[in-house]
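A.B. asks: Chains A and B, in that order, give the protein sequences. Letter by letter, the first sequence follows residues 1 to 400 in this note's numbering. Letter by letter, the second sequence follows residues 1001 to 1417 in this note's numbering.
None of these hints come from the bench; they were simulated from the model. Just so you know, these numbers come straight off a predicted model, no measurement behind them. Fair warning: there could be bad hints in the mix.
Stated by the list, open to error - With the C-beta cut set under 7 angstroms, the calculated list includes, among others, these residues of chain A facing chain B: (1) G85; (2) F215; (3) A260; (4) E268; (5) A322; (6) L365; (7) R372; (8) P376.
Claimed, not checked - Calculated cross-link-like contacts (lysine to aspartate or glutamate; reagent style EDC-like; alpha-carbon spacing at most 20 angstroms): (9) K1096/B with E285/A; (10) K295/A with E1071/B; (11) K295/A with E1052/B.
What the hints assert, rightly or not - Some chain A residues well away from chain B (every beta-carbon gap over 10 angstroms; in silico): (12) I41; (13) W80; (14) L116; (15) L127; (16) V141; (17) W163; (18) V172; (19) G201; (20) I259; (21) R275; (22) S286; (23) V332; (24) L362.
Cβ coordinates follow ideal geometry from the N, Cα and C atoms, glycine included.
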Amino acid sequence: MAGEVDPQSDVSLLGGRPRTLHLKMLRKQWQIITLQVVATIALVWMYLEVVSTYVVNSIDHTMVFETLESLVGEVPIGDWITGEGRQGLARFYVPIILGLLLGGSMALMAFQSPKLQQRIKLGFIILLMVSLVGRLLLTWVPSMIFSLDFRAPSEGELKTLEWPLLMILSLVILFVYLLPVIMGTRGIWGLSRRSIGWAIGFTLLFLGIHAILTFPLIKSQLGDWGANLKTLETQVSDPTIGIFGFDLVTPEQLSLILIAVLIMVFQESGFGVIRYLEYAYRLPESCKRDPEYVKQMDNVLNGHLRHTAGFLTITGLMTMIALGFHSVLLEVVSSSTGSQWAAQVSESIELSLTYGLVISALLFLSLIAVMRFFIPWERVWGLIESLGNKTEAPVEEKKF
Amino acid sequence: MWTRKAAFTFTGGIALILIGMMITNNQMMILGLALITFIVVNSWVSGHGDIEVQRTLSADNLYKGDDLYVELLVTNRSNRRTQLLDVYDNIPHEMKLRSGLNQMRLNLKPGESARIRYVLRCPLRGHYSLGPVSLRVRNTFNLGVEDMYVDHHSDIVIFPQIKEVEEAFLRSRTPKMYTGATTLRTPGQGSEFYSLREYVPGDPFKNINWKAFARTGDLMVNEKCRDAVTDLYILLDSRDVSRIGTVLKNPLEMGTVSAASLAAFFLKRRDSVALSIYGDGLSYLPPDTGDKQYFKILSSLAGVKPEGSMPLQAVTNSLSGRFSRGSPVFIISSCEGDGTVPAAVRDLVGRGHEVTVLSPSSIDFERLVSRIPRMSYEVLKLERQNRLTTLAGSGAQVIDWMPDMDLSQAIMQVRGF
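Sequences and hints are given; from them, build the entire structure.
C.D. replies: Listed below in structure tokens is the structure:
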């Protein structure tokens, strides 16, 4: 037996450059980039869905800028940046691009040396201070020196602070609105769990606060301001979107399902990339060069991509079916019995409100969960996979 | 089993549905429903540990300090993917990873295999077992986890290290004559001619072949065949007291190394070697020669553990009757906590045995792990010296073996053996 086992060697797979699990190389791997791109698309799409559902024409940033301009004067940021003057979702296109660029730059900065990071931060602070008080100091201090008079700044000189203060305030407003995009981009490309958490947390926080503020009792207390808040219908209208000939959900519900699924896509893709890169980073040097580890990393990443696409699509579809399950049930009962009962139930207020909907949806999900014990999903998947996958020939290792 | 993430997702989903129902908010309710659906959908497909594992070792026996190359072949024998599977090969904690890693995260297709290769350093002698192989199946989104293991073990014996012992220091003075032809085709003391070789300073003049000198002009000496073998008896002290010191440096470890080295040396010379280990009980390996005996001795030494408190005299009383007359006896003991050592040595010397006591200095080993006040150390050292002097007075050759001293260096203290 002795001598059968050789030490691991640095080998290349299928010719060409040797593939290893070093972060530098792994970050350029197509599966990792695909996951990051998927996460970014999901983030932007989710943001646009949330914004179009709750924010546009209700509490969007252009309205805040308009209020600000009516109170203190012209905002120094150009309208083409803020999106003022545009209609609907178009108001957010340029800010989102700026948010992506800012998040990307922050991610890029995270990979620089600590010294360079410190210099950039210092430069940013100096730039901020100079832009804030630079003009004031340049006018006030020389005038004191030339007139040999130690005095407080005049009103005209103080007015020079107005522009930088408004500029910073505008940037802060934009930053707050774009926080999920900025932090999400930074998290995805800068491999920061905390940033991804911030992006998701901020979105959920917004949805939570919005839900509380639009609660009828609270909304009535908010007066005119509360009237601006977009309220989703509490009663479900007739579904118009569905599959297999069944109308399952309304367009509003589909939009909400989309938000939920996109949050999950963003979360799982973003965290997945970090998880796999962390695993690769922790491997010892010899394993990073081992073709078996490289191959298995490929398998793991491909599996993640497949599951992200498959399971999250199915999650979306299942949620749709769950929400429309009551109508399917009633339709089945109506067609099978021909009685008036189904029609009466479908018009009942309990079913139109959330209670009946949720109960039928949870009933459906329970059935699906229990079906796991009756239908051998794993065997079915395995059969499909074994039909589709032919085992590859073992990789030839480099001989020494 | 659900992970913390799954539990949070499920709880969050239920909470959102309930809050959504309370404040009639569709978004919360749908978000909650989507989270629950995510859990349900993910529960459909789970991974499995239905795999075959085969471990290959570079050797079944190794010497202490050597490297062991391990290869673990993991094959998915089922008709479905393993999904995310963490494979971890359990290794004894005494072994250290030198290269590679004893674990891998994989996702095997049906029929696919993966090889995990790693190198272990074996710094401690003993009998070890590698395995079982632990498996952890994870859901892709880390929602479910299941632990299992494959009960696959590989046994390995780590022998004590063999140190080089120089011939000049160990020469038998009491060859045992066998009847019949026992000529050994190796140079040594004997009567039959073996070969001519060039004279080297130190060779006795009586061995010079004058005819050859006259013919060639160079001084040549006659070499003889060894025509005798020696029975060597090694008594190794493995009492509890021999654990004093560090894990790698203690009287027992040094004792096993010296016993293995001496046995290797004498067996290579085709002598017979017997080994007796005493501590908790007495184990005795009768004298024999050859590779088989070498393997038996190393295996016995590999499994020695410090335990018990059997006195040396009990050993000599029980074994001395079996010892060949006049044969050398090696006693490897720190001589601590055993008042019967002088009597036992006297008894052996009285029976005509050449007794050599190789005594690792346990006080100096203890100094490696704990601070002993100088005065106490001096007193203890003096007591030890007295003990060794008593043994020397009994007729034994005594070697005081310090922790930093090499075996051959220590044996140099013995003359004329």
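A.B. asks: Let me make sure I understand: some of the numbered hints might not hold for this structure. Which ones are they, in numerical order?
C.D. replies: 1, 8, 20, 21, 22 and 24
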